[in-house]
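Asks: Protein chains in written order, with our numbering: chain Y, -18 to 290; chain P, -18 to 290; chain V, -18 to 290.
Don't read these hints as lab results, they were simulated from the structure.
Hints should not be assumed to be uniformly reliable.
Identical copies go unnamed one by one, so any copy, or any two together, can satisfy a pair.
Straight-line C-alpha distance at most 20 Å; calculated SDA-like pairs for lysine to any residue [as the list claims (entries may be wrong)]: (1) K20 <-> E192; (2) K236 <-> D198; (3) K236 <-> T59; (4) K11 <-> G137; (5) K19 <-> E191; (6) K195 <-> K231; (7) K25 <-> D259.
Source: prediction; values computed, not measured.
Take a look at the letters that make up each chain.
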Amino acid sequence: MVFQRKHILGLEELDAREINLVLDTAASMKEVSERDVKKVPALKGTTVVNLFFEPSTRTRSSFEIAEKRLSADVLNFTLSQSSVIKGETLLDTARNLEAMGAGVIVIRHSMSGAPWLLAKELHSSIINAGDGSHEHPSQALLDLFTIREIKGEIGGLVVVIVGDIRHSRVARSNIWGFLRLGAEVRVVGPATLIPKEIEYMDVKVFYTLEEALKDADVVIMLRIQMERQGSEYFPSLREYSKFYGLSREKLRIAKDDVSVMHPGPINRGVELSSEVADDVNSVILDQVSNGIAVRMAMLYLVASGGRNV
Amino acid sequence: MVFQRKHILGLEELDAREINLVLDTAASMKEVSERDVKKVPALKGTTVVNLFFEPSTRTRSSFEIAEKRLSADVLNFTLSQSSVIKGETLLDTARNLEAMGAGVIVIRHSMSGAPWLLAKELHSSIINAGDGSHEHPSQALLDLFTIREIKGEIGGLVVVIVGDIRHSRVARSNIWGFLRLGAEVRVVGPATLIPKEIEYMDVKVFYTLEEALKDADVVIMLRIQMERQGSEYFPSLREYSKFYGLSREKLRIAKDDVSVMHPGPINRGVELSSEVADDVNSVILDQVSNGIAVRMAMLYLVASGGRNV
Amino acid sequence: MVFQRKHILGLEELDAREINLVLDTAASMKEVSERDVKKVPALKGTTVVNLFFEPSTRTRSSFEIAEKRLSADVLNFTLSQSSVIKGETLLDTARNLEAMGAGVIVIRHSMSGAPWLLAKELHSSIINAGDGSHEHPSQALLDLFTIREIKGEIGGLVVVIVGDIRHSRVARSNIWGFLRLGAEVRVVGPATLIPKEIEYMDVKVFYTLEEALKDADVVIMLRIQMERQGSEYFPSLREYSKFYGLSREKLRIAKDDVSVMHPGPINRGVELSSEVADDVNSVILDQVSNGIAVRMAMLYLVASGGRNV
């Protein structure tokens, strides 16, 4: 089977066949990470640039480890907002990196759509590492991979996404991904954090966590941006946590073998209690671990450019 | 032919034979960047330190990619001004890096002459990545390489350097380089930005861009430091741009096949219009691309230390 | 002989046999650094994370070069204090890095004991690169290595540690190390900078440098934190330097072949005069150079996990 795309920009544009190809490739990559020598020469001589316009140690580190396991030459190109203002346009920066020989550019940018702009104008392969509140495909793919590995199949599962749906690129990518693979997707959060456009997506909206959790196979807790506290969105962390935080008690409403996910970093005592974070149902560290294999697969597929895999 | 130097510090001290050897070596290196596996083992096991006392993502990234394509072990050692004040002297820092086994030190420093100090005191090979307003040899060499590739030969060309000649290490290195290879060099800019010492160099000075452009084969637009605006040097960007900015209209004064260069990052609408930047005459992205090959050549030649190449 | 430990956390817990095994391994590693191709494949495919919660260019760079010479995949994970406050706990950060496949975590943290916490909770190997004012084992091991190389043996030597004993992790680790290998250890400094607990250690306390230096084989000058000046600890740098700074004159009190050490970066004119720093008795740059070999040995021994070496 052949991966026809040169870029991985978002889950919305991938079909089930393509998503499964990424997950299958990730399964092979996971074997590499279990070997004594955790390295393959797949991207030897390929320069991969991590072009991050937003600070991110975790996602960037996960991509960097993945790139090095594929033997790529890695360049971290982190730009503070200030240097962008002072300097050149996004497109000029990216064209420069292309001219320097970047085979793959992994981009994170606060502007929704930035990776598509690059994909349109450059010859390098583009991977979206998070654009504004739009998409975060590598996170959704590693979530799908983790759940498929645990549950065997995604189709028919009940998946609940909890929290700030409005501003979350993790939510958006996961909605597309789980829907494509046939799951039932529910979202729940304060009314202020559920975007209006949600009615155009094939998801069920809830306003109390207890109702949403009934028969849940998977619960994805979104990270709360602390600075939103006291804003128009919610009055206080304490109140948010009381209604939308996941305690062991509330978790009992879900299925016994429910998987609890979180993109990290977690705020213990806010989105979930410490008990739940470290519980046997928590797959949070599996997500981190699978992130390496999934990102290796993404890099490999876009770099192999439509060759048989 | 043998490269006798252990360091590459500036263009002023290189003769035509040496410059041509760098350019010829760069031509071989460019082939490496066109291969599927863009990597050679030439510097395997050699530690190259990028010692940057001034912030620079572009030049540092270009060196870093070049170093990795040569299979060097790369260490980025970036020092903010504050840590230098608090800490040790430049020479102590450099001696430490030498003691750690640095085979090559690529240094950028705001103090003119800093690379010569290191070359005198250390056993490591030193490459100047820009010192104060003095020299920027890798930029000049990549400019020469780009023009030689396009025009076949440098001798006899008319090269116009436009803008802030006074503070520009790019201007200084390019003047030496193009003169050595037999070009006619013209400089043009506001009188406040033409240094007095220019009369001791074998260049022609102009004060209007239109006059300078007559019969030009190459135009090198220097970057304007935005913070100079409103200073003693020039009243406003708008006025600067009106007189010394390159528009398509003014460009018609030059030869039809004139090459437009810029060391980047460009300020669109200031040094040149967007049209000119993206025009067929613009070789700005070729410069960036050739920067990798030229820096590979520089690293290889100083590290090979006088061996036959 | 087998190194039984998975971690290297401090010198207090190592016995003479273990310390000597590290030093012997470092001697082999030093040969690697003298080869043309300064690289061995010992840690190929192993991800080593440099997890630094305090800024440090020197120690981090030394570890990074050591890791690359062992062919490890290196990830620099530097966290400013701010991002830690905003973010997750130390343990969550470390568990994430473990989940990403970190074979070895090299940690520097302002909190004494942080590396032990990680060693207790994680499966990755932990190397302490400095915790609070507690231990700095790689520094002590490279000091021991340097002295053993010069003097042939540690046992019976008179070692004087000068300065801020109270806040110095370098002092603490060196005291343990030199005592284990049978040296006589003396400490000297202003009474305010000698901690009370010193009486429980098997060292001799002096308050004048002249007395402490009699018959000294080794003098270790500790770095003075400039910001302590004018505090309760000492009135001024000038006064500190007058009484505890090492001049050529004072050095004459020690043995003729005394070795002068400093962990760096040195404050010329404060802890020691420029003459002494650059004197034939100074082994400061040998320390830096040996740091690479010693850190290679530490990484290799913990990563090889009790296998025969």
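Asks: With reference to the structure, classify each hint as holding or not holding.
Replies: Comparing the hints with the structure gives:
For the homomeric pair K20 and E192, neither the shortest alpha-carbon distance inside one copy (46 Å) nor that between copies (57 Å) is at most 20 Å. Proximity of K236 to D198 under the C-alpha cut-off of 20 Å is restricted to the intra-copy arrangement: shortest distance 6 Å within a copy versus 71 Å between copies. Within a single copy, K236 and T59 get their C-alpha atoms no closer than 43 Å, and across copies no closer than 40 Å, so neither meets the 20 Å cut-off. Taking the closest pair of Cα atoms, K11 and G137 never come within 20 Å of each other, the shortest separation being 25 Å inside a single copy and 54 Å across copies.
Within a single copy, K19 and E191 get their C-alpha atoms no closer than 43 Å, and across copies no closer than 56 Å, so neither meets the 20 Å cut-off. Only within a single protomer do K195 and K231 lie at most 20 Å apart by alpha-carbon distance; the minimum there is 10 Å, versus 72 Å between protomers. In this homomeric assembly, K25 and D259 never come within 20 Å of each other (Cα to Cα): the closest approach is 38 Å inside a single copy and 32 Å across copies.
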